[in-house]
Each structure stands twice: as C-alpha cells, then as structure tokens.
Amino acid sequence: MSVDAVPVLQVRDLRTYFNTLDGVVRAVDGVTFDVGRGETLGIVGESGCGKSVTALSILRLIPPETGRIVGGSIRFDGRELVGLDEAEMKSLRGHRISMIFQEPMTSLNPVLTVGTQIAENVVRHLGVSWRQGLDRAREMLELVRIADAARRLDEYPHQLSGGMRQRVMIAIALSCEPRVLIADEPTTALDVTIQAQILDLMLELKEKLGTAIVLITHDLGVIAETAERVVVMYAGRKVEEASVSSLFAQPMHPYTRGLMRAIPRLDIEADTAGRRPRLQEIPGLVPILTRPIPGCAFADRCGFATDRCRAERPPSVEVRPGHEVACWETARVAEAA
Amino acid sequence: MTTLADTAIDPPRRFSLGTAIRRNPTIAFGGVLLAILVLVGVFAHLIAGDPLRLSPVNRLRPPSERWWFGTDQFGRDVFSRSVYGARVSLIVGISVAAISCVLGLLLGLVCGYFRRVDAIVMRVMDGIMAIPSILLAIALITLTRPGLTIVIIAIVIPEVPRIVRVVRAVVLSIRSQPYIESAIAGGTKNAKLLWRHVLPNTMAPLIVQGTYVCASAMLIEAGLSFLGAGVPPEVPSWGNIIAQGRTFFQIAPWTILIPGAFLALTVLAVNLLGDGLRDRLDPRLARRL
Amino acid sequence: MTAYIVRRLFATLPVMAVVAVFVFFLVRFAPGDPAAIIAGEDATADAIAAVRAKLGLDRPMLEQFVIWTLHLLQGDLGVSIFSDLPVSRLIEQRLEPTVALTFSTLFVAVALAIPIGVIAAWKARKLVDRLAMAFAVLGFAMPVFVLAYVLIWLFSVKWGVLPVQGYSPISQGLWPFLEKLILPSVALGVTYMALIARITRASMLEVLAQDYIRTANSKGLATDRVLLLHALKNAAVPIVTVIGIGIALLISGVVITETVFNIPGLGRLTVDAVLKRDYPIVQGLILVFAAGKVLVNLAIDISYAFLDPRIRY
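Protein chains in written order, with the working numbering: chain A, 11 to 347; chain B, 2 to 290; chain C, 12 to 324.
Hints listed in this document are in silico derivations from the structure and should not be mistaken for laboratory results. Beta carbons: idealized from backbone N, C-alpha and C, even for Gly. Where hints are given, some of them may not hold.
[Stated by the list, open to error] Cut-off 30 Å, straight-line C-alpha distance, at most; resulting in silico cross-link-like pairs (DSSO-like, lysine-lysine):
{"#": "1", "chain 1": "C", "residue 1": "K244", "chain 2": "C", "residue 2": "K65"}
{"#": "2", "chain 1": "C", "residue 1": "K134", "chain 2": "C", "residue 2": "K244"}
{"#": "3", "chain 1": "A", "residue 1": "K100", "chain 2": "C", "residue 2": "K244"}
{"#": "4", "chain 1": "C", "residue 1": "K287", "chain 2": "A", "residue 2": "K100"}
{"#": "5", "chain 1": "A", "residue 1": "K100", "chain 2": "A", "residue 2": "K216"}
{"#": "6", "chain 1": "A", "residue 1": "K100", "chain 2": "C", "residue 2": "K137"}
{"#": "7", "chain 1": "C", "residue 1": "K65", "chain 2": "C", "residue 2": "K137"}
{"#": "8", "chain 1": "A", "residue 1": "K218", "chain 2": "A", "residue 2": "K100"}
[Stated by the list, open to error] Derived list of chain C stretches under chain A, where covered just means 3 residues or more per stretch with a C-beta under 8 Å from a C-beta of chain A:
{"#": "9", "region": "113-120"}
{"#": "10", "region": "210-223"}
{"#": "11", "region": "234-242"}
{"#": "12", "region": "314-321"}
Go ahead and model the full structure; you've got the sequences and the hints to work with.
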C-alpha cells in the first residue's frame, strides 16, 4: 500500500463547470487527490456526483461547447495538463493516460475491425508500421485472454460479446503501456460473473505493466475488492479519502456511512423469520448544482448538520494518517458509531 | 452530462412575438416571406399593370423608374408579368400540395391498415417513384391539351407516393405501439382507432411533407413551362417568362433573372417554412435531416 | 454476395414491370383522343387514323399489350411517329452527353458536398457551419435553369471565361469536353450538393455524439482520422441513401439543363419529342430513365454491405 514519493497524477482543487439552459452546473467543484505510481485509486459516489466528469477532465475530453475546466490543476508526471496545448494533449491520450468506458456495447466503433482499433493506437503513439501495430494488437488480445486472437483481429465489435468487447477496450487502453488507466464504471454494464473476470484481468495487467488505475464506480463492493485507496465524492466535491481498509473499518463522513448502509450484506444473519435488516436509503435529494452551495453539500440530508455546516464549507482534514474527511462534526459522527 | 441538459424543464412562458421569432426564426422568416408573396399573388391585379399588354416601341427596356424590372422583347412589363407569375406558381403549389396530401393520406391509411392492398399499392408507388417526376408529367402532358388543370394533375401523380410512404410509415409505427395493440385486443373499432389515434399522429408529418411537395410542385411547374410543356405560353407563369426571355438573354438578362429570383425566393420561403415546421412538429424527422 | 446481387436484380423486375404497364396504359387511358392530339389541331381523319395505327391503338387492348411486352423484352422500344426511326437507336445516339453530364455532376456535387457537410458538423453552430447551411438552404431553393442563366451571364457573357453552351464529345479532345461540362454540372449540381451537404452534416452530428467517437478521442487520434474514418464511415449509410434519392432529382434536372445549355442528350430528345408530341420516344425515355434510377438504387443497396459490416446478406 506504500505510495511512492512523487505521485504520477496530482489533481488539485479541480473545478469543471457546464453551461446548461438552467445555468452553470458545478459538476466538479474543487476536487483534490493524488494517484501514486502503480496504485489503484477508487473514486466512488452516486451518479451525477461528478466522478465521470473528473475522469474526462483529466483527459481534457470535456466537449468545449458544453463545459470547461474553470480552475485547479492536473499534473501528470509533474507536467501541468490544464492549459496544455491540444497537440501535446493528444500525444498523451491513449499513450500515457488512457481510458476505458462504461458501455462496451457502444464504445467501440461498429464499422472498424477490432485489429484496426487496437493497432491505430499503437501506430499513432509508438510510431511503428501498420504491420507491427497489428502484431501488437494480436499480442494485446492474447494478453486480455481472448481466444483465437489472430482471427478476432479481423472481426467487428458486433461479433463479440459484451465481456469480450470490454476486454478489447482494455487491450486498446493498455496497448501503449500507459502510466495511468482511468476506468469509468468498466464493469457496470456487464453480468456479475463477467464483472469479476474483468476486474481480475485489470488488476493482473496493472501488476504486469506497472500502470496506475483510477477506478470510477458507484459500487463500494467493487472498490473493496480492487482499490487500495478511495476518494468518496458527493455533489462535485470530495467528502472523504482513505485507504480501503481504513474507510471500511471506520467511515468518517456521514455520507460515506449512508452509502455503506445502502449496500446489501450477506454477512449479517437473517432473523428466524428469514428477514434481514432493511437497507437504509439516504433521505433527501442530491442538491441542485446550479445553485452555489456555501456550506457542506451534504448538510441538507445529514442528521448531524448544524448551522455552521450549512454556512461554511468544511475543509478536508486528516483525522488519521492517510484518512481525510471534509466534515465539521467529525467528533460527533465518530461517537455515533 | 447530457442528462443535465435533457432534464432541464422549461418554465412556462407567456407567449410573446419576440420569443417566438427568436426560438423559431425559420418559421417566422419563411412564413412572413411567404405571406408577402401570397399577398402579391392575390392582389396581383391591384399591384401590377396588364401583364399581357404589348408595347413594341418599348422593347427590351432595361430596369428603370418606369419599368422597375424592364420590359421583354414584346415590350411587356416584366414587373407586371412576374407579379402575375406568383399567382400561377402559388395556385399550382398549393393545389398540388392539397390534392397530394388528401390522396396520399387516404392511400397511406389504407395501406397501413390492409396488408393485401398495401402490397399492391406500394408496388405501384415504387414504380411511379422510379420515373423522374418531370418526365412523368411530360408524358401526361404530351397526351393532352395544355392547361393549368392538366399541369396540376401531372404534378400530383409523381408527388402522391411521397405522401403515401410517410403516412403509411406513421400508421405502421403507431399500430405496433403497445397501447394500440391492447386497444385492438380489447376490441376497439378500426374507425375509432383511426380517428382517435392514427389520424392525429399523421398530421405533423403530413403538414411538413405538404410544404415540401408545394415547393417541389412550384419547381416542376416552372420547369415544365420552361420546357414548353407546362401552362399555355400566353399565361404569365415564371417558367414561361423565363422560357420567352431565353432568346434575348444576353442583351436583356432581367427578363430571366427577375422572374427567376421571384421563383427562387418563393421556393425558399416554402422550404424554410417546411424546415421550421419539421423542427417544431416532427423532431424525430428533424434529427435525420 | 453474388447471390444477393442476383436476387436484388430480380427484385427490380416488378418495379420495372409497373413502370412499363404504367406507360402502356397512360396513352390508352389518357383523357380525350391522344391520337388526335398527337396528330395536331388541323389533322385529317386519315392522319389521325395513321397515328392511331402507329401507336397500335387500333387493335384490341390485350393484343396490343402482348405485342408491346414481347417487343419490350427484346429491347424494342417502338418507332418514332415522326422520323420512323427506332426509339432505341435515337436513345443510343443521344446517350453519351447525358451520361457525361450526369457523372460529372455527380462527381462535382459529391466531391464538394461531403467535405462541406463534414466541416459544418465539425464546426457545428460556428460561423463556417452557418454559412455552409445558408448555402445549402439557398441552393436547395434555386431552380436549375435560373442558376444556369446566372452562371452563363457571369462566366460566359460578362467574363467570357467559359463557353456559353454546347457539347463536345470526349473523342474530340478532353479539354473542350470538360470545358463545356463545367457550367452545366455546377448549375445542375448545386441543388444536389445542398441536399447531400445537409444530410452529411446531420448524419455526422449524430455520429459525433456517439460513445465510440469519445473512445477515438481518448486515444489521442488526429482530428482528421476521427472525422474521416471513425465518424464518416459510420455516417455513410444515410449519406449514400440520399445520394441515391437525389439521382431522381438529377435526372429531372438533366432535361432542363440540357435545354438551357443546348446539349444534344436525352434531355433534348425528350423536349423535342414533347414539342412534337412523339409519344413513343417519351415512353422509351421513361423506361430508360426509370431503369437507370432502379440500377443506381441497386448499386446503393449493394454498397451498404461495404460500408457497414453489420449488414449481412
């Protein structure tokens, strides 16, 4: 779990806003985290909390007509990405930082062969011939354990199953041995059995290639199995950050606690009537992001909230080594546990 | 990200002309332009002088204060002729659109409802659509005496299949909707189904297609007249004026460019109206084009 | 694939049959007496009877139909009323200019429209896009012959850079051939270009919003590769479909364009036949043009298989 001295990715106070008909949406509103070399960082939160936007911001893939990074810093290997010119950004994408997406069914180009889609990435970034690119593509397909790789090269995405397509996406993303792989809900659209296979594959390849992974998910179960450290996001902000063990052992933010209570658990004994304790949902609604939130974004839904929580934004404070939380009422929350 | 924009709900707004124009400039622009042209057509006899009066002394006069748009080789006033031309074009455009819509709607409904008729009618429609419309109209006109009515009929025939296809597609897609299937299963009468569910749904695409047919009809009419296969040469239609201006085009280009501009402007107005209506009424179609 | 092409070729037969039956009955069910109209205002009874005999209208309908169909299947399109020449030969003589005009127009229109549409979609809602779409809307409203005269007026009369009209067969040199095709192709092509540019833009916009384009961008691919390979190939099917639909427009336009530019092709033949009311020629031309259109549509259907691997036969 040790983190190397210089993180490969440093995100500081990132803010990404979107213009909509209803006004400016603060999709990411001051998020800070580091990703160490070869580390797996999980980012968890419910849909709309800004985790995918964070991922797209790192790759600078926010469509300029709808939104933009308005502030903060993203450093990759010490190099500032915010404001880096597009040509240089293009040479990083798919090469040093790559990404896989949630929907394997729609993320591959339907009219190009699998081989083309892998090889073009290799040829683009490693400057090899098309032949060599295709050889690399075959190797990659073998690496992601697709049987009969040579034949699959000439096939089109519609000839593959969902799990296989996600393997192809992984093959593309890792084909240039990137330093960072951003995986945005990579298994959400897949069957449960396939999910486990894909996650195992990602971890195995990470070990082999030394790639750091930013794993974005809404599923704490996935985080528990794969990540080393976790960032919990709510309404565009980071509310808690900790190692996986520390977070699951002692979640500090009321929102994180709420999330955990909403996970179905099989380890709690059912009572004699066969009932298990009811899953608890978090009361209330996610705040509207077009309105500025002066205090803690979770205050309206939080049982511990005070006037201060509603008025003043809590800073992220280290409460234990490596465990940060953004909450004014940490002491009361800890007692309540 | 897109969901944010998609779920944005427009607050109810009071109607204001300014907003309406800003939100739908195409309809507004096309509509106003067309309205002006219609007024010109309807009140041609008040606006313009006699389009047929010959004045051999004043042949091929360039545009001036006396003849705004010049005169042709018979000394006829190009302005008056062009203004009367609006009448012919609009009559043809609107009648063809109206007749095609009515026929197309009936045939389309029948085709959407009765499989067996559908197979036959659609084969015929495919055949008609394989013939370039201007040729089909020409063939018909070759066999009859020239006149406005026959021109209208000759343009209606090739235009009908376009409407039939659209209406039929709507009927078929509505028939496969679960609520209609359950209504059929529940024993709702065909006639009631047609009246309550199918007909209202065909209206938007029908109006949109109707405007396109109108534009296309005006172009075909002008083309036919230009080729000498349209309305009789003595009628001042834009196609006829242009055809008669051909001989002296090099010395009197206004005899062609002026009625040509009128025609282009009218077609433009109708097309803009159609585009605007399509975006407004039929977003599914709008996405495709 | 071959089996599919053969099957589709057979599928065009009913359409052609409908066209044939349609033109056959058109002359028989036309209001009034077509023979009298064709013979002209002052024709004697004998002249009218002669026309009727030439059209075969004097025999029982069923017999006419059988004879006519048999001739048609042998490629015999009948005989011109006025010149007594076989219609098929008249058409053959006039084929080259029309084919040349059609192909050069197709080339000009597609070669300009697709880049315009792609750029408009890429720069959506920017100035380039608005200009391109304004051009498309104007171009679509522009009657072929009006544009033709504007072009002649500018390029031939005012600036004198291109010939006013006429046609020069390719056998008499490439430049004279091309030179005389430029204005007609542009005049005829603008409407078509507008149509293709609009569908290209719309289709590209839809494709550019797809997940796989985001994937392509996440690979850091060059913009032209994303636009021209990843996006355009996916957008191709609707574009090609519209190119096919537009062929009908093009053929109608050919008749008019040939008249304006005095090109001795099938269009001129049509117009001359109409003015003389030479129905057998008109009938033959309809069959030829319809066959041309049906074959183009067939070619387009087949092209789908090359453009989209999900389409299998």
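>> Would the hint linking K134(C) and K244(C) be met if the CA-CA limit is 30 Å?
In response: The given pair, whose Cα atoms are some 18 Å apart, holds under the 30 Å limit.
> Is the straight-line distance between the alpha-carbon of K100(A) and that of K137(C) 30 Å or less?
Replying inline: holds (23 Å)
> Taking 30 Å as the top limit, are the C-alpha atoms of K65(C) and K137(C) close enough?
Replying inline: Distance ~62 Å between K65(C) and K137(C) Cα, so the pair is violated.
>> Please verify whether K244(C) and K65(C) have alpha carbons no more than 30 Å apart.
In response: violated (53 Å)
> Going straight from one Cα to the other, do K287(C) and K100(A) come out at no more than 30 Å?
Replying inline: This hinted pair is violated, its Cα atoms lying about 67 Å apart.
>> Tell me whether the statement that chain A covers the region 234-242 of chain C is true, taking a Cβ distance below 8 Å and needing three residues at minimum.
In response: holds (count 3)
> Do the alpha carbons of K218(A) and K100(A) lie within 30 Å of each other, as the hint requires?
Replying inline: Distance ~25 Å between K218(A) and K100(A) Cα, so the pair holds.
> Does the region 113-120 of chain C contain three or more residues whose Cβ lies closer than 8 Å to a Cβ of chain A?
Replying inline: violated (count 0)
> With a Cβ-Cβ cutoff of 8 Å, does the region 314-321 of chain C contain at least three residues near chain A?
Replying inline: Since three or more residues must qualify, the claim that chain A covers the region 314-321 of chain C holds, with 4 doing so at under 8 Å.
> Between K100(A) and K244(C), is the straight-line Cα distance small enough, at 30 Å or below?
Replying inline: With Cα atoms ~22 Å apart, K100(A) and K244(C) stay inside 30 Å; holds.
> Would you say the region 210-223 of chain C counts as covered by chain A, given the rule of at least 3 residues with C-beta under 8 Å?
Replying inline: Check passed, 3 qualifying residues.
> Taking only the CA atoms, is the gap from K100(A) to K216(A) under or equal to 30 Å?
Replying inline: holds (23 Å)
Of the numbered hints stated above, those contradicted by the structure are hints 1, 4, 7 and 9, listed in ascending order.
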